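K.L.:
Put chain R on the given structure of chain D with help from the hints.
For the protein sequence lines, the chains are D and R, in the order given.
No gaps in the numbering here: position 186 of the first sequence is 185 in numbering that gives the first Met the number 0, and each next residue is one more.
No gaps in the numbering here: position 90 of the second sequence is 89 in numbering that gives the first Met the number 0, and each next residue is one more.
Check each hint, because a few of them may be wrong.
[Stated by the list, open to error] Here are the simulated lysine-lysine pairs, DSSO-like style, with alpha carbons at most 30 angstroms apart:
#: 1; chain 1: R; residue 1: K54; chain 2: R; residue 2: K25
#: 2; chain 1: D; residue 1: K25; chain 2: R; residue 2: K25
#: 3; chain 1: D; residue 1: K78; chain 2: D; residue 2: K25
#: 4; chain 1: D; residue 1: K54; chain 2: R; residue 2: K25
#: 5; chain 1: D; residue 1: K25; chain 2: D; residue 2: K54
#: 6; chain 1: R; residue 1: K54; chain 2: D; residue 2: K25
#: 7; chain 1: R; residue 1: K170; chain 2: R; residue 2: K134
#: 8; chain 1: R; residue 1: K78; chain 2: D; residue 2: K25
#: 9; chain 1: D; residue 1: K78; chain 2: R; residue 2: K25
#: 10; chain 1: R; residue 1: K54; chain 2: D; residue 2: K54
#: 11; chain 1: R; residue 1: K134; chain 2: R; residue 2: K78
#: 12; chain 1: D; residue 1: K134; chain 2: D; residue 2: K78
#: 13; chain 1: D; residue 1: K170; chain 2: D; residue 2: K78
#: 14; chain 1: R; residue 1: K170; chain 2: R; residue 2: K78
[Said to hold, decoys possible] To give an idea of the interface, some chain D residues facing chain R are shown, with a C-beta separation under 7 angstroms as derived from the structure:
#: 15; residue: S6
#: 16; residue: S17
#: 17; residue: P20
#: 18; residue: E38
#: 19; residue: G44
#: 20; residue: G46
#: 21; residue: I162
[Unchecked claim] Some chain D residues well away from chain R (every beta-carbon gap over 10 angstroms; in silico):
#: 22; residue: R132
#: 23; residue: A175
#: 24; residue: T200
Source of the hints: derived by calculation from the structure; they are not laboratory data.
Values in this document were obtained by computation on a predicted structure and should not be read as measured data.
Beta carbons: idealized from backbone N, C-alpha and C, even for Gly.
Protein chains: 2
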Amino acid sequence: MEQEFSSVLLENAVSSLSRLPGVGRKTALRFALHLLRREECEAVGIGEAIINLRKGIRYCSVCHNISEETVCPICSSPKRRRSLVCVVENVRDVMSIEATGRYDGVYHVLGGLISPIDGLGPDSLEIASLIDRIKEGGIDEIILATGATVEADTTDFYIYRLIRRSGSDVKVTQLARGVAVGNEIEYTDEATLARSLVDRTPFTV
Amino acid sequence: MEQEFSSVLLENAVSSLSRLPGVGRKTALRFALHLLRREECEAVGIGEAIINLRKGIRYCSVCHNISEETVCPICSSPKRRRSLVCVVENVRDVMSIEATGRYDGVYHVLGGLISPIDGLGPDSLEIASLIDRIKEGGIDEIILATGATVEADTTDFYIYRLIRRSGSDVKVTQLARGVAVGNEIEYTDEATLARSLVDRTPFTV
Chain D
0 MEQEFSSVLL ENAVSSLSRL PGVGRKTALR FALHLLRREE CEAVGIGEAI INLRKGIRYC
60 SVCHNISEET VCPICSSPKR RRSLVCVVEN VRDVMSIEAT GRYDGVYHVL GGLISPIDGL
120 GPDSLEIASL IDRIKEGGID EIILATGATV EADTTDFYIY RLIRRSGSDV KVTQLARGVA
180 VGNEIEYTDE ATLARSLVDR TPFTV
Chain R
0 MEQEFSSVLL ENAVSSLSRL PGVGRKTALR FALHLLRREE CEAVGIGEAI INLRKGIRYC
60 SVCHNISEET VCPICSSPKR RRSLVCVVEN VRDVMSIEAT GRYDGVYHVL GGLISPIDGL
120 GPDSLEIASL IDRIKEGGID EIILATGATV EADTTDFYIY RLIRRSGSDV KVTQLARGVA
180 VGNEIEYTDE ATLARSLVDR TPFTV
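Just chain D, with the same shape it has in the complex (with noise of 0.2 angstroms):
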């Protein structure tokens, strides 16, 4: 739908608003009436946070993860195990395991997944400086928490083989896959309930 406004400066806000993900020009437009009911101070406040995010974002130089400082509050924290590191694919997922409160290691953050398709080669993301960090010592643990799609995998394979041919004996260990906590056996997918028999853990009460 190419609607023309009669205003220009409404349709670059619609066209610039329907950018985002899942915004089409209807949601675009209807973001921008929103914004023009509102206070002025509201809506320059939308936008000014929006350019001061682009501009002053900062990543921590260890783990690549958002920081306001040069090294993040995990990476600088004294309570962290420094010697165990969990590879994710980006921020999201630092603040998805954050949430769990049960990860008291740090993080190496990939900012994406090999992904030919999207034109995503392993020299747009951050493995060299994991190998890096690991060749420097110290590390213990690398933990894959990649997720469970192709693009993982052929990340997760990538990574591992660089490791071992850097001549690291680091132990390399990866999510546990299975049914869901709260999923029915009926709606969960072969491959994931053929993987959690293989995987079957001890009973405990």
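P.N.:
Chain R alone, transformed into the frame defined by chain D:
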């Protein structure tokens, strides 16, 4: 879900973006991380488009539609009948009616409907300016196209009373109500069906 982000900039962006209609903190975070992945100029462009829209927008002095000039293209067009005024709630309604391509009159944008629950009284709407337009003369017909909700009915009734009280005998009409094109009788509500029976029109081929 009150999540705390490690970055103040990210926190600001997420709380700002979640003020958009229908956007929660999860979607706002998705927007923010998307903006971080894109080129800086694109993200900054979105922010600037919002600020420019809110700061630069002007309204037509006649019909209160969004306009770059003092008088909007519709009001100043020699092809439009200035004697026919369609009263609508907001700018989106103007776009919807324009999209039909079947209307050659002008508009009057109220900027909302009377809704005591939302604290919207007649004074916060462009009702007085509509009465002034009618008093100035040259208008033959006012079409009340505010919708078929309780707020729309209230607003229509209020406007109608004001017009008559002002001494004007201008023709006042409203949009036809009936079965929507494409709808089945079975799924049409009783009120609409009753109305469509009373207002039945001659069958034409």
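K.L.:
Confirm or reject each hint.
P.N.:
Hint by hint, here is what the structure shows:
no.: 1; hint: R:K54 to R:K25; verdict: holds, 28 angstroms
no.: 2; hint: D:K25 to R:K25; verdict: holds, 21 angstroms
no.: 3; hint: D:K78 to D:K25; verdict: violated, 48 angstroms
no.: 4; hint: D:K54 to R:K25; verdict: holds, 22 angstroms
no.: 5; hint: D:K25 to D:K54; verdict: holds, 28 angstroms
no.: 6; hint: R:K54 to D:K25; verdict: holds, 22 angstroms
no.: 7; hint: R:K170 to R:K134; verdict: holds, 13 angstroms
no.: 8; hint: R:K78 to D:K25; verdict: holds, 28 angstroms
no.: 9; hint: D:K78 to R:K25; verdict: holds, 28 angstroms
no.: 10; hint: R:K54 to D:K54; verdict: holds, 21 angstroms
no.: 11; hint: R:K134 to R:K78; verdict: holds, 23 angstroms
no.: 12; hint: D:K134 to D:K78; verdict: holds, 23 angstroms
no.: 13; hint: D:K170 to D:K78; verdict: holds, 22 angstroms
no.: 14; hint: R:K170 to R:K78; verdict: holds, 22 angstroms
no.: 15; hint: S6; verdict: holds, 5 angstroms
no.: 16; hint: S17; verdict: violated, 10 angstroms
no.: 17; hint: P20; verdict: holds, 5 angstroms
no.: 18; hint: E38; verdict: violated, 9 angstroms
no.: 19; hint: G44; verdict: holds, 6 angstroms
no.: 20; hint: G46; verdict: holds, 4 angstroms
no.: 21; hint: I162; verdict: violated, 26 angstroms
no.: 22; hint: R132; verdict: holds, 20 angstroms
no.: 23; hint: A175; verdict: holds, 25 angstroms
no.: 24; hint: T200; verdict: holds, 31 angstroms
Figure legend: structure checked against the earlier numbered hints; hints not met, in rising order: 3, 16, 18 and 21.
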